[in-house]
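Undergrad: Sequence:
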Amino acid sequence: MDTHSSGGGERAAWPRSADEALAEQERLRALADLTSPGPAPGNVRLVAGVDVSYATQGDALVAAAVVLDAATLETVEVSVVEGTVTFPYVPGLLAFRELPSVITALEKLTCSPDLLVCDGYGIAHPRRAGLAVHLGVLTALPCFGVAKTPFVFGHDNVGEERGAAAPLTSDDGEVVGRALRTQRGVKPVFVSVGHAISLDHACAHTLQLAFRYRLPETTRRADHLSRERLRAITR
DNA sequence: GCGACAG
DNA sequence: ATCTTGTCGC
1 MDTHSSGGGE
11 RAAWPRSADE
21 ALAEQERLRA
31 LADLTSPGPA
41 PGNVRLVAGV
51 DVSYATQGDA
61 LVAAAVVLDA
71 ATLETVEVSV
81 VEGTVTFPYV
91 PGLLAFRELP
101 SVITALEKLT
111 CSPDLLVCDG
121 YGIAHPRRAG
131 LAVHLGVLTA
141 LPCFGVAKTP
151 FVFGHDNVGE
161 ERGAAAPLTS
171 DDGEVVGRAL
181 RTQRGVKPVF
191 VSVGHAISLD
201 HACAHTLQLA
211 FRYRLPETTR
221 RADHLSRERL
231 RAITR
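Residue 230 in full-length UniProt numbering sits at position 230 of the first sequence, with consecutive numbering throughout.
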């Protein structure tokens, strides 16, 4: 996958301070495509999931990208990158901590995904610029986020059945995401768009990918891979 | 001012 | 994110 020259994606300007990060975040937010419907599940051939695992001791980390055939959900390619922490965890600035190694992993892929799924939020973020916004703009690929825990926006009760949902709404009444129940008997996940895809399509993809478990297969496989490699180099 | 706060 | 024991359910 070519994340630089021909992709049309923005080149990253990785900041060293929180001030520089806020400026870069605002720059990327302004470039996000929040109006295109993007690909529906039937129009995606390859979907990629990414995740990062961190060592308890030291600053080692491992990023993984997993590409699935959207039709069969079979893994068609994986990419794992060993790296080092270069930015602290700051709520609202997670992209600067996770994305450098994630982008490296995506660049190592030989195939080109049609869609990216993140672990975390897109526009359901204090400044409308979560992980999925950054990654979508930087790669110029449709991208959305599926988060496991609440962040800044609440929601009404979600029905018990698979597919039940409730909007995440900002103070100004704007719908910025959706709490979505992917399985009966599990907590909802939180879906929000990042770039070049609609919330409806993002939720449709999430349900298709989370056919068996709470989380999408993209996230589960990327998580397993990064965790497995980390433990291999951590001992 | 204080607490809350994706991963 | 990571650490960590037992426990409940399919």
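Hints were generated in silico from the structure; no laboratory data involved. Wrong hints could be hidden among the right ones.
[What the hints assert, rightly or not] Restraint-style ranges between C-beta atoms, simulated for each label pair: (1) R184 to A13: 43 to 49 Å; (2) G163 to E107: 20 to 26 Å; (3) P150 to D172: 17 to 23 Å; (4) D156 to S36: 37 to 43 Å; (5) A60 to P91: 18 to 24 Å; (6) R184 to H224: 19 to 25 Å; (7) R212 to D59: 21 to 27 Å; (8) R27 to G163: 17 to 23 Å; (9) D156 to D59: 38 to 44 Å.
[As the list claims (entries may be wrong)] Distance condition first, Cα-Cα at most 16 Å in a straight line; then the derived EDC-like pairs of lysine to aspartate or glutamate: (10) K108 to E77; (11) K148 to D171; (12) K148 to D223; (13) K108 to E82; (14) K187 to E228; (15) K187 to D171.
Even glycine gets a Cβ: it sits at the ideal position worked out from N, Cα and C.
Undergrad: Of all the hints numbered above, which does this structure not satisfy? Sort the numbers upward.
TA: Structure breaks hints 2, 4, 7, 8, 11, 14, 15.
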